[in-house]
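Those protein sequence lines, which keep their order, are chains A and B.
So in our numbering, spot 217 of the first sequence is number 217, and the numbers just go up one at a time.
So in our numbering, spot 94 of the second sequence is number 94, and the numbers just go up one at a time.
Where hints are given, some of them may not hold.
Derived list of chain A stretches under chain B, where covered just means 3 residues or more per stretch with a C-beta under 8 Å from a C-beta of chain B [said to hold, decoys possible]: (1) 46-55; (2) 76-89; (3) 118-128; (4) 288-294.
Straight-line alpha carbon distances no greater than 30 Å define the calculated DSS-like cross-link-like pairs of lysine-lysine that follow [unchecked claim]: (5) A/Lys264 with A/Lys254; (6) B/Lys315 with A/Lys44; (7) A/Lys180 with B/Lys5; (8) A/Lys41 with B/Lys315; (9) A/Lys16 with B/Lys342.
Not everything, but these chain A residues come out facing chain B in the computed CB check (under 8 Å) [to be verified]: (10) Tyr102; (11) Gln137; (12) Tyr140.
Source of the hints: derived by calculation from the structure; they are not laboratory data.
Don't be surprised by glycine CBs; every beta carbon is placed ideally from N, CA and C.
Each chain, written out:
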Amino acid sequence: MQGVNVFENGIGYMMKCLHLYTSGTGYFLMYLLCLMLIAVKGSKRDRQLFLPGAVVLLLTVYNPLFPVLIDRVFDISSEYYRFFWIAPVIILVPYTAVKTIYGIKSAAARVSAGLLVLIMFIAGGNFVYGNGFDMAQNEYKIPDELIEISSVIHEDSGTEYTKAFFEYEYNMEIRQYDPKMLLCIDREEYIYAMNYSYTAEMLSDEDHPTNRILALLVRNQEVDREDFTDALENTGTQYVVLTKGHPQAGFIKKAGLYEIGDTKTHVIYRYDLRQEHAYEPVDYSDAVHKFSWRRLK
Amino acid sequence: MIIIKALAVVFVNFILYLAFGSFFTVRSGRKWSLILTVAIGFFAYYAVFALVCLPVMFTYRPLSLLTRIWLIPCILACVCSLILYGRQWKIKALEIAWDIRNNTLFCAAVAVITLIFAALAVITYSFTLDAAYYVATVTTNVDTNMINVYDAFTGNWMDHFELRYVFATYYVNDSVVCRLTGLPALVETKSVMTFIVMTMANALYVLICRRFFEDRTRALSMYILMALTNFMFISLYTSSDFLMTRTYEGKSIVGNISLILIFVLYMMLIDGENRGIFIKLFVVCLGTATVSSTANMVIPAAVAVLFVPYAFIHKKPLVLVKIFACIIPELVMMIVYVLYVKGYFAIYTFPR
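Could you put together the complete structure from these sequences and hints?
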């Protein structure tokens, strides 16, 4: 779970986690109320179905000590919330609501109860399209511009595979559409760059030339022009795609990159590699097809 | 053309799930549920696929070979199932036709709501970080004609398999379908599987509603409220959010199909329909382990939360043994993963 971990929060972790999980919705509270209703007024079958599991959940998953104990064996900070899925909120809350509504004898009161339930369900939640409904632009469900950029780069490169740098969203999306577009930055490296700055030591690390690319283009840190082009050279990165008006556009032009095309919101720059980086997939044709593993410890 | 092909793949998938599931649910002279059969079949399909896929993958043979091999169990399952259960399918089709005639409003409302959900999930654009791995794995596999030996994020060759994901062969199945049909990976994952997962989740809701309420009006009311819950119980982390925005992902299947199906099986146990229940549970657990590594933590916990109290309350110690047997796939995967993460071993992508 983003920004919350067991190490820092100890027994407070579970509540913080639950708070983030429910995110101001009332559904978990409704689940607890429904459990009480079932305990008091539910049939034997209802109690058998919902109560024993709920008790076990309250003693384990919702017990603040539980994540602290588990964390000693597994690092579960980022995934603990998935245990919350086990509580059958989506079954119990609607079931109890319907049972309560239809248990009312008077028709008028039943309609009122039905409306009240609807209000609770709507007011107590966050609408999935509350921030707007974003319709896919094409059958691939990626931005049209990304498809356009892909074809501009391939037309320009003239090789089957080519390597590029994209900014965050496009970096994550391009290979879902175009596997022949190799990337110099992987997901975790990019996420790191979004959260942390690079030290001088990291920038001079010859084993990780991508640090310099990320420091300049993501964090806008100062990087020597030659160090930047060396990083492109060492990683075999021939194209850099930036949003229009990117603060480092001037810098990369001075470093020798030049525009080969643009779209509505992006500019595609090319860097002429001093040394050719031909990409060839690994040849498995002569490989002995045997299971190969090694004990390391 | 792509839409027609995608719809055909959806149809064939459901037939395959029915064929695989029938072996576990359809018995002559006994009542059986089509929804339960298809849902169990879904997990049986992915469990069998993993058994076929892993040896091919770990000996770095091409995706095209796996595609050809995988056709054999699919055809065998369909033919055997048709021979063994074809008559039962026909009877069930007549029963469903009768049900539709007699409960037109209920069936129509359920169909419309399910289609709205599926259509919304299919046409919505959503950006997720995880797709960068999952979908790109499919495109990379199809492009290189290999299985998981290249890094999906960058396209670089990997020295060893990434064991966090490698046993979740659900995405390799997508690669196989793409290879076989020519469907683009983005369409297979974000439209075809989205449609299938959404339909199946809603079908399970209908099954649950009808098990709770014989009266169709009440069952429909409950179904509508369940649908509304999925629209409204939204944060970055809820299973409803995964269903609505990241439908095709393995985690969404764990949270919205596996857990619901485990609850259905528990419900059947409580209702005394316990014949073969633990075999079905084992299939769900095994199949889920091949869909997402999230299963390794969530599924054993869910099975324990529901079934362990049952064993104690009803004084059935044998149930504890059965529960343990059911979650063995997840426990094994968990041990393998922990040993890998702690650096005890690596499985290479090239002979050494």
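Discussion item. Tell me the numbers of any earlier hints that the structure contravenes, in ascending order.
Written reply: none
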